[in-house]
Amino acid sequence: MTEYTTNNRFSSFSFIIPALVIFAVFYLYPFFYSFALSLYEGDGISTMRFVGLNNYKTALCLDREWWRSMYNGAFITFLALTLQNILAFALALGVNKTVRTNKIYCTVFFILPVLSEIIIGLLMREILKSDPGVFNQILGKIGLGGFASNWLEGEKTALLTTALVHCWRGFGWAFVIILAGLQTIPEQLYEAARIDGANAWHKFTKITIPLLMPVLSLVFILTILGTMQVFTMILALTRGAGGLTEVPVMRIYNHLRGGRLIGYACTEGVVLGVILIAVSFVTLYISKQMRKHYGVLPN
Amino acid sequence: MYYQTKKIIFLLVLHTFLISVALSCIGPFIWMINTSLQTETEFSDSHGLKRAESFNLSNYKKVLVDKKLWVYFLNSLFYTFITVTLIVFISSLAAYAFSRLDFPFKNTIFLMFLTAMMIPLPAGFVPVYVLLNKLGLVNRVGYVLAMTNMGLSLSIYLLKTFFDTLPRDLEDAAHIDGCNKLQIWWNVGLPLTAPALAVVIVFNALNVWNEFVLASLMFTEDALMPLQVGLMEIYNRNIIQHTLVMAALTIAAVPIIILYLRMQKQFIKGLTAGAVFG
Amino acid sequence: MRFYSKIICLIVVSVLFVSGCGKKPEQQNKLVVWHWLNDRKDALDQLAEKYTEQTGIEVEFKLFFPPDIYAQKVIAAARAGNLPDIFGILAEKLTIASFVQAGHIPNLLPYMNADYGRWKNSFYPQTLDVVSFQENNTYGAPAGIYGVPIDTAIMQFVYNKALFKKSGIDPDTPPTTINEFINYANVIRKDSHVYGFTCGWGESWMLNCLVTEWAINVMGEEKFLKTISGEIPYTDEEWIEVFSLFEKLRRSGILAPNVTALYNKESEDSFARGKAAFSFNGSWSVNVYRQLNPSLDYAFFPLPAVSTKHPVKVWGGGGSSFMVNAKSPRKEKAINFLKWITAQQQQKFLAKETNNLPAIRLSKEDLPEMLQTTIDDLGKSTHPNVWPHNEDSRVIEALNKGLQQVVMGIKTAQQIAKEIQEVNIRVSK
Numbered sequence: 001m002t003e004y005t006t007n008n009r010f011s012s013f014s015f016i017i018p019a020l021v022i023f024a025v026f027y028l029y030p031f032f033y034s035f036a037l038s039l040y041e042g043d044g045i046s047t048m049r050f051v052g053l054n055n056y057k058t059a060l061c062l063d064r065e066w067w068r069s070m071y072n073g074a075f076i077t078f079l080a081l082t083l084q085n086i087l088a089f090a091l092a093l094g095v096n097k098t099v100r101t102n103k104i105y106c107t108v109f110f111i112l113p114v115l116s117e118i119i120i121g122l123l124m125r126e127i128l129k130s131d132p133g134v135f136n137q138i139l140g141k142i143g144l145g146g147f148a149s150n151w152l153e154g155e156k157t158a159l160l161t162t163a164l165v166h167c168w169r170g171f172g173w174a175f176v177i178i179l180a181g182l183q184t185i186p187e188q189l190y191e192a193a194r195i196d197g198a199n200a201w202h203k204f205t206k207i208t209i210p211l212l213m214p215v216l217s218l219v220f221i222l223t224i225l226g227t228m229q230v231f232t233m234i235l236a237l238t239r240g241a242g243g244l245t246e247v248p249v250m251r252i253y254n255h256l257r258g259g260r261l262i263g264y265a266c267t268e269g270v271v272l273g274v275i276l277i278a279v280s281f282v283t284l285y286i287s288k289q290m291r292k293h294y295g296v297l298p299n
Numbered sequence: 001m002y003y004q005t006k007k008i009i010f011l012l013v014l015h016t017f018l019i020s021v022a023l024s025c026i027g028p029f030i031w032m033i034n035t036s037l038q039t040e041t042e043f044s045d046s047h048g049l050k051r052a053e054s055f056n057l058s059n060y061k062k063v064l065v066d067k068k069l070w071v072y073f074l075n076s077l078f079y080t081f082i083t084v085t086l087i088v089f090i091s092s093l094a095a096y097a098f099s100r101l102d103f104p105f106k107n108t109i110f111l112m113f114l115t116a117m118m119i120p121l122p123a124g125f126v127p128v129y130v131l132l133n134k135l136g137l138v139n140r141v142g143y144v145l146a147m148t149n150m151g152l153s154l155s156i157y158l159l160k161t162f163f164d165t166l167p168r169d170l171e172d173a174a175h176i177d178g179c180n181k182l183q184i185w186w187n188v189g190l191p192l193t194a195p196a197l198a199v200v201i202v203f204n205a206l207n208v209w210n211e212f213v214l215a216s217l218m219f220t221e222d223a224l225m226p227l228q229v230g231l232m233e234i235y236n237r238n239i240i241q242h243t244l245v246m247a248a249l250t251i252a253a254v255p256i257i258i259l260y261l262r263m264q265k266q267f268i269k270g271l272t273a274g275a276v277f278g
Numbered sequence: 001m002r003f004y005s006k007i008i009c010l011i012v013v014s015v016l017f018v019s020g021c022g023k024k025p026e027q028q029n030k031l032v033v034w035h036w037l038n039d040r041k042d043a044l045d046q047l048a049e050k051y052t053e054q055t056g057i058e059v060e061f062k063l064f065f066p067p068d069i070y071a072q073k074v075i076a077a078a079r080a081g082n083l084p085d086i087f088g089i090l091a092e093k094l095t096i097a098s099f100v101q102a103g104h105i106p107n108l109l110p111y112m113n114a115d116y117g118r119w120k121n122s123f124y125p126q127t128l129d130v131v132s133f134q135e136n137n138t139y140g141a142p143a144g145i146y147g148v149p150i151d152t153a154i155m156q157f158v159y160n161k162a163l164f165k166k167s168g169i170d171p172d173t174p175p176t177t178i179n180e181f182i183n184y185a186n187v188i189r190k191d192s193h194v195y196g197f198t199c200g201w202g203e204s205w206m207l208n209c210l211v212t213e214w215a216i217n218v219m220g221e222e223k224f225l226k227t228i229s230g231e232i233p234y235t236d237e238e239w240i241e242v243f244s245l246f247e248k249l250r251r252s253g254i255l256a257p258n259v260t261a262l263y264n265k266e267s268e269d270s271f272a273r274g275k276a277a278f279s280f281n282g283s284w285s286v287n288v289y290r291q292l293n294p295s296l297d298y299a300f301f302p303l304p305a306v307s308t309k310h311p312v313k314v315w316g317g318g319g320s321s322f323m324v325n326a327k328s329p330r331k332e333k334a335i336n337f338l339k340w341i342t343a344q345q346q347q348k349f350l351a352k353e354t355n356n357l358p359a360i361r362l363s364k365e366d367l368p369e370m371l372q373t374t375i376d377d378l379g380k381s382t383h384p385n386v387w388p389h390n391e392d393s394r395v396i397e398a399l400n401k402g403l404q405q406v407v408m409g410i411k412t413a414q415q416i417a418k419e420i421q422e423v424n425i426r427v428s429k
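Residue numbers (our numbering), protein chains in the order written: chain A, 1 to 299; chain B, 1 to 278; chain C, 1 to 429.
FYI, nobody ran anything at the bench for these hints, they're computed from the structure. Model, not experiment: these values are computed from the prediction. For glycine and all other residues, C-beta sits at the position ideal for the given N, C-alpha and C. A couple of the hints might just be wrong.
Said to hold, decoys possible - Cut-off 20 Å, straight-line C-alpha distance, at most; resulting in silico cross-link-like pairs (SDA-like, lysine to any residue):
(1) B/269 - A/17
(2) B/67 - C/63
(3) B/106 - A/182
What the hints assert, rightly or not - Negatives, chain C to chain B, calculated, CB over 10 Å:
(4) 30
(5) 35
(6) 161
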């Protein structure tokens, strides 16, 4: 169809020029600039001292708090991947069954993702604080007073609270996407399976799951991305609670603030970036394999 | 009869589950609105748990008479609108090329965008700010371009996968009719991706509307600040006025909820049409 | 390519539209000041107006929120080279030294010394120390005075007199030792069903001030400074004793719930509403308490001492200081303005309007009533900016986080001492 002349290829290339220019200026340049800074020490106001890979040595081998923040990030991501997405999946399955109220639920469940991280953080802080303890009072009123707890700074609760607030804010996205995926599965497939005598569980594992694979893999990637970038919500919610709820991006932000640790902050940024790239490519790879394995593609 | 009862029980359980989750979503939202309607003394007695008795709108008045906040509000609308428009055009052009056209290093460049989507800019906004200064772009243009960049990768990815699912027949027909590539993109590609564009619009509008760190770092003029900065300002006054803060939060949430409600049909359609099938 | 040009036109038009409000030309007669003092905003704006009336020079105070972002903003502006005429630096002394070394802020000593040092001598010396560098300092900055303080602050304990009376404790004798302090707090806590002690320990620097004061009281300033210079480890017995004070506070049950997650504003709010017997706060809080609850009956007192071996020092001297942009064409005008704002009349106005301690010596009746005795504590104040060394910010981070965890009951004093020392060794290479 298309003739592959030089001119033609150039005009094709020109389609991506605007994107490429913006990307190169606003992403690649800052990226390499940060990488260069990660080899230095100092505040960037007066001259900085070249320290080679020293910062990397610190971040990778010595800085326990950094790995603790990585653990916190991973924990929240894990809960988001499992709890949040299972909840979203269950809700989507449920809503898919109800035809009439479908739209209302779509709207209601999507209210939270629409609000900004700061709003959610401040709101939940006001509600969860021990003083006045709005949430604890509610628990008491519905007879669950025994569960009242120090939600924002307990050793066991702080991180869990943060993760749950995050999941609660984020499930709307997963819900909308999974529901959309469910609605693309043709009803005839289920009909045919029913005639073949398949029970609900079989239909779920042999039709729903395989056909939803691409959607689920997108949800997984979006979840990982969304979770690893969260920090204003946590800042508003707990202020880090003595490191208990500190996540990598928040730590980077804190190190940038004083100005003296900019080189180290860049190092942390690069380390985090590399880890995230690895995780995301593994996710992409797995989802590709899964789709190959099931052999069903919607397009 | 047996099946009927079973079905009713099933629906009952189902709706209880759905409604309880829905309540947990609207609950805090209602608490926010309720608090915003209370007076400060009412709030310190009941912490927003009782119904606002006076239905007092003075908090909203206080927020709305602040001229500065109106400027911020209009700025936010403006940034959101321009950024989203730019993203829509730039990303759909690129996505079309990645999906349909052939040029050198196509896969490498696409992979690059994909990678960028995965990782937040290391060390955040400081390099961007220094760069904008060098370019003399510490103004609306710089902010819009930086924000455009933030949404670009994911949008290209979403649109490209959507283009991949579309049949090529229409485009071939247009080609035979003598349209060039750009005309094909404009007349055929863009309209066909409308549902996917709805997803891109909602996603990016949310991002831009809620952004605040870059804006407060780079802007010095009140005339340029977006609404989120104004919210921070109200929250950081030396006395916390809970009810006032809640009124401001409510006002800030309204436009984006309206946008979502307006786009919802398209948005859901976009998702359903396979916009997000990776 | 007609369509292509259409798109380009669209983009160009929108860009033009966007840049419609471009940069205004620089005004020779206008000074721009960046600040973070939200509670003093109105008073500063009024002063700016007055200045314009008197001299015809326009002054614009620009307020930025929150202080976190403000601090980053100033540093980013310095890197990018577009600082305003006047600004404050919210960072440790080493960073101020960097500003000096990079030529961003001029040495004001010649101006201070002019006229037989009239300007310089008007200040409380402690306030100038905070923005000065001595000869041969370890920060690598040339000696001089690099900022103009516009007020002073001292960290103090506050107590609620009304709650004291209710429990039958003499409201004019605040506790002097830590045991007394804990006892009083506990008695009041039980009598009035309030919290014993609240503080904004979610903002870790509030913890840092207190631990510094107690450390100096327990081991003396000399030994404390030796720790910072690396001669004494944080695992020293006396340091563990200091850390265990926070364990003691926790065990005594006087701490407000969520104390390590509280913003200072939140703790001010609860103290002002009479929900806590004691708090620890800066002298600026007078303004806040007055706005929150004008009838609050309270008073200040310095640190409840742990030991009698060494004198009590309080964190203070450093208030808000402004620096001048050395590269601004309006440098001289900026310095004149700062001279004006630190003159008697303006300082009286600020002290009265904002209830803060002035930077210059005023007679006692010109000070805010609540602070007339507090000013005496300025003589025993100390501040990181006057120490020969600054602790590395990573050690401070570890210290603050460690203390938060002690207060939460997650770690013991020994554990955090070990951890802080580990970081200390790591960064002092």
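**Message:** Hinted pair, alpha-carbon criterion (20 Å max): residue 269 of chain B, residue 17 of chain A. Please report holds or violated.
**Reply:** violated (30 Å)
**Request:** Take a quick look at residue 30 of chain C and tell me if its Cβ sits farther than 10 Å from every Cβ on chain B, holds or violated.
**Result:** The claim stands: residue 30 of chain C keeps its Cβ more than 10 Å from every Cβ of chain B (closest is about 13 Å).
**Restraint check for residue 106 of chain B with residue 182 of chain A, where alpha carbons must lie at most 20 Å apart** = Since the Cα atoms of residue 106 of chain B and residue 182 of chain A sit roughly 33 Å apart, the hinted pair is violated (cutoff 20 Å).
**Item:** Interface exclusion of residue 35 of chain C relative to chain B, criterion Cβ beyond 10 Å
**Value:** Label holds. Min Cβ-Cβ 12 Å, cutoff 10 Å.
**Asked** Taking only the CA atoms, is the gap from residue 67 of chain B to residue 63 of chain C under or equal to 20 Å?
**Response** Measuring from Cα to Cα gives roughly 16 Å; hence the hint holds.
**Consistency of the no-contact label for residue 161 of chain C, given chain B and a CB cut of 10 Å** = The claim stands: residue 161 of chain C keeps its Cβ more than 10 Å from every Cβ of chain B (closest is about 22 Å).
The earlier numbered hints that this structure contradicts are 1 and 3.
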